Amino acid sequence: MKEEILRIANVTRILDGITYLDNINFNIFKGEIMGLIPLDNHGKSQLIELILQNVSIHFGRIYFDDQLVNYYEHSSMTKNRVYLIDKETNLIQDLRVMDNICVLNHTFHDYIIRDKRLQKKTDELLKQLGIEIDTEQYVSELSLIEKAIIELIRAVANGAQLIILNELSNFLSIEELSFFQKLLLYYTKQRISFLYMVNHHEEAFKICHRVALLEKGRIIKIIQEKDYSEASLRPYILSFTHHSVADEQNNQAGILKYQNLCAENLKKINFLVKKGECLTILDMNNRGIQDIAEIINGFLPPVSGKILVGGKEIPWAKERNLLLNGVAYIPENPVPKTLFYDISYLENLTFLIDRKLKRSIIGKKVLRSIKEEYRALAGAEIEATDLWRLEMKSLYNLVYFRLLLYKPKVVFIMQPFSQADMYLRGRIIELIKMLKEKEIAVVILAVSISDTLKVTDRLLIMEDGKLAPSSHQFKDLPSFVPGYQE
Amino acid sequence: MENEKKRNKLKRLLAKRGMGQVITVTIGLVGLIIVFGLLNPIFLSARNISNLLRQIAPTLLTGIGQSFVLITGNIDLSIGSVVGMSCMISATLMTKGINPWVAVIITYLASSIMGLLNGKLISKAKLPAFIATLGTMTIARGIAQIVNNNYNTDSIGEAAEGFMQFFYYGKTLGLFNTIWITMFIWLVFNFLLSRTRTGRHLYAVGSNIHAAHLSGVNISSTITKAYLVSAFCSTTVGLIITATSGMGTMDAGNSYELYAVAASVIGGVSTLGGQGILLGTVIGASIWGVLQNGLQFAGAPVAIRNIVIGVIVIITVLLDIVVRLNKKVGKAKAGAERSYFPVLKHKI
Chain A
4 MKEEILRIAN
14 VTRILDGITY
24 LDNINFNIFK
34 GEIMGLIPLD
44 NHGKSQLIEL
54 ILQNVSIHFG
64 RIYFDDQLVN
74 YYEHSSMTKN
84 RVYLIDKETN
94 LIQDLRVMDN
104 ICVLNHTFHD
114 YIIRDKRLQK
124 KTDELLKQLG
134 IEIDTEQYVS
144 ELSLIEKAII
154 ELIRAVANGA
164 QLIILNELSN
174 FLSIEELSFF
184 QKLLLYYTKQ
194 RISFLYMVNH
204 HEEAFKICHR
214 VALLEKGRII
224 KIIQEKDYSE
234 ASLRPYILSF
244 THHSVADEQN
254 NQAGILKYQN
264 LCAENLKKIN
274 FLVKKGECLT
284 ILDMNNRGIQ
294 DIAEIINGFL
304 PPVSGKILVG
314 GKEIPWAKER
324 NLLLNGVAYI
334 PENPVPKTLF
344 YDISYLENLT
354 FLIDRKLKRS
364 IIGKKVLRSI
374 KEEYRALAGA
384 EIEATDLWRL
394 EMKSLYNLVY
404 FRLLLYKPKV
414 VFIMQPFSQA
424 DMYLRGRIIE
434 LIKMLKEKEI
444 AVVILAVSIS
454 DTLKVTDRLL
464 IMEDGKLAPS
474 SHQFKDLPSF
484 VPGYQE
Chain B
813 MENEKKRNKL
823 KRLLAKRGMG
833 QVITVTIGLV
843 GLIIVFGLLN
853 PIFLSARNIS
863 NLLRQIAPTL
873 LTGIGQSFVL
883 ITGNIDLSIG
893 SVVGMSCMIS
903 ATLMTKGINP
913 WVAVIITYLA
923 SSIMGLLNGK
933 LISKAKLPAF
943 IATLGTMTIA
953 RGIAQIVNNN
963 YNTDSIGEAA
973 EGFMQFFYYG
983 KTLGLFNTIW
993 ITMFIWLVFN
1003 FLLSRTRTGR
1013 HLYAVGSNIH
1023 AAHLSGVNIS
1033 STITKAYLVS
1043 AFCSTTVGLI
1053 ITATSGMGTM
1063 DAGNSYELYA
1073 VAASVIGGVS
1083 TLGGQGILLG
1093 TVIGASIWGV
1103 LQNGLQFAGA
1113 PVAIRNIVIG
1123 VIVIITVLLD
1133 IVVRLNKKVG
1143 KAKAGAERSY
1153 FPVLKHKI
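Going down the list, the sequences are from chains A and B.
Heads up, the numbering used here is the position in the first sequence plus 3, with the first residue counted as 1.
Heads up, the numbering used here is the position in the second sequence plus 812, with the first residue counted as 1.
No lab work stands behind these hints, which were simulated from the structure alone.
Be a bit skeptical, because a hint or two may be false.
Among chain B residues calculated to face chain A with C-beta under 10 Å, some are [claimed, not checked]: (1) 960; (2) 971; (3) 1013; (4) 1023; (5) 1028; (6) 1083.
Computed cross-link-like contacts, SDA-like style, restricted to lysine to any residue with a CA-CA straight-line distance of at most 25 Å [claimed, not checked]: (7) 828(B) with 396(A); (8) 82(A) with 1010(B); (9) 340(A) with 262(A); (10) 908(B) with 846(B); (11) 123(A) with 954(B).
Here are the in silico distance ranges between beta carbons for each label pair [as the list claims (entries may be wrong)]: (12) 318(A) with 925(B): 54 to 64 Å; (13) 225(A) with 925(B): 57 to 67 Å; (14) 229(A) with 1033(B): 47 to 57 Å; (15) 1028(B) with 391(A): 26 to 36 Å.
Since we're looking at a predicted model, the values are computed, not measured.
C-beta: ideal position from N, C-alpha, C; glycine also.
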């Protein structure tokens, strides 16, 4: 009989009058990879917190390794032997790999640090897995996949029995993810269990032994491996349709052109994007797109090559002011990075308008007219005096509406669907389409292909910092994109 | 084989975080020494160098304390006042006839209370470091004033001769004791920072407090330790000042917290926490001392000296930023030329 590592029985969790977890029931066996697809993000972070630590619950019981650790009458606040791996690394960036694995470990009791001993121990751990990472390197110098691997090793070395993996495909490329999944399978043989949180069922079906669907704080379905199929999921998920407009743009001139651009992780890349076109650059190794983002933000100077906007070359020094050149950038998880919570919706919306109008004072008349124009899109929220009470969907609307109003020539979007639940992903697709309808060129920088296909007109594959020789129209995609299933 | 080992050791030393800045400022320091030596040959005389080292000692000691605190991502503004408080407490006790060594122990204990208070206010009461240490700065200065009824003390007398010799006037192996004391303290704290678990925890807290907490690091205790080190160093400086002047002065240590920040920052300790080494603080404090001493020899008035030092602080930090940016560009160039090699040679 299979042994359980975690059992959550009839658990309800209410915070500030909101029911985040509603009568949740599920279990994870030892050595199992349990998938969890949150259809909306409601209750997801509360569930993670609950598994990591025995915080108070209103109903139900939680068993960890066959021990009752938390129940409705008494929550001890103790931590379970659970480790969370997500994009925000829990490693100490300014310490070396071996310090992170060995010293910052509950089982380490030496007071004096003996580097040689640490290095030997860490090298042995890595050697077992056939991984070559310099253990003397500082964590900040590692790539995302290396950090994820070190976190995994550290978790196991720390005695974690259950590891929560939060949306790996948001920060690992297809190639990296595939390698990481091999490591997971290796550890399952050592009876380590995983809760694999993922937005896309295609990814979950590949690696998980069972998959649970979470919606509105409830587990609405648990699918066994033998039942994995699109049909079994159809009643629960939304399907997004694609309307390609690429053919209409074939005769237009490129609005943005990269010519032989080289940087640390970019090797002579060439591409152009046209007005109203959506181009996706899929980075197989998760290296080059970070450099593209850094270059357009002025943080990294290109070694050679040119960037032309509307036929004019933009010197790098001027790129720092990319907005003036008509190039906008939406970072990954843009809400906290681009919006100002303490000022009003309208002020946020019109934040860039002074640059557009080249005026430092914007007249009330102009603001009133913008307000009325965008009321149709934003509704009553346009009157909000701050952003604290707005829902995530409204905040995403605001991020994109601001650019619709500014109307740049090109918008680069880094991983637009990262951390978004199914409903939000649907809205982001609509928002990107709105940009395209305004004849704004869109360049999506992605490491995972899912959902971007719903808006993209053309796809470029980047591998080891090089772009594949030819681009691919949407209709060609399924035949060559790794991991893509129609 | 032996050569390769040596080369690896050197490579490891150079790869140490913060070493880049240390090398940059060391070059600057050598440049300053050459310039001042050329302007006035007395600058490089053995006597002046010995005096210079003794002059650098207080800045270095307070710099060590400030570096510990900065590495945890905090700041200690109470350093100067703790110096003043230590000076006044020790001198007052000695003038009241208490054995100087007992007075030294009492002074260390009194100052460690300030360190403890700083640490707990920041880590337990969650007060911003700037505010908490601003408060203790005023408190410590108040204690310095109240301890002898708002007067500087009289001379600490002949009974304290041994104390004065130990902390300031005495020499061992041809070097002033102040320099030996500073070197000893530096060695101990450098070992603590670079070779012990506490050291790793200090960096961890400054680098990512959330991750450090998740890794089982006791945040409160780690921050408190940093402030205790700072208080210990400040107290030692206070005792050196008492030994120097042979009396307690209420204004002792004024602005020392700023000198300490300058020594640390010039030496590459990040004000954002998590980065820096004590070797850098040595160089930072030396630059500070060489500028003071060298400009004095060059006949520059105090006002000009202050302006020059301020400008040099800005230039050094600016230089560090430029070096880091160039490093990034260099890395970019190297990356564009090299081909990727697989980091992961998995066998699973």
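Outcome of the hint check:
1. 960: The hint is violated - residue 960(B) has no Cβ within 10 Å of chain A, the shortest such distance being about 41 Å.
2. 971: 40 Å, violated
3. 1013: 8 Å, holds
4. 1023: For residue 1023(B), the interface hint holds, since the closest Cβ of chain A sits about 4 Å away, which is under 10 Å.
5. 1028: Where the cut-off is 10 Å and the nearest Cβ of chain A is about 5 Å from residue 1028(B), the hint holds.
6. 1083: Given a least distance of 14 Å, the restraint on residue 1083(B) is violated.
7. 828(B) with 396(A): This hinted pair is violated, its Cα atoms lying about 45 Å apart.
8. 82(A) with 1010(B): 23 Å, holds
9. 340(A) with 262(A): Roughly 30 Å separates the two Cα atoms, so the pair is violated.
10. 908(B) with 846(B): Violated, at about 48 Å.
11. 123(A) with 954(B): 53 Å, violated
12. 318(A) with 925(B): 54 to 64 Å: Since the Cβ atoms of residue 318(A) and residue 925(B) sit about 59 Å apart, the hinted range of 54 to 64 Å holds.
13. 225(A) with 925(B): 57 to 67 Å: With a Cβ separation near 59 Å, residue 225(A) and residue 925(B) satisfy 57 to 67 Å, so the hint holds.
14. 229(A) with 1033(B): 47 to 57 Å: 53 Å, holds
15. 1028(B) with 391(A): 26 to 36 Å: Cβ of residue 1028(B) to Cβ of residue 391(A): about 34 Å, so the range 26 to 36 Å holds.
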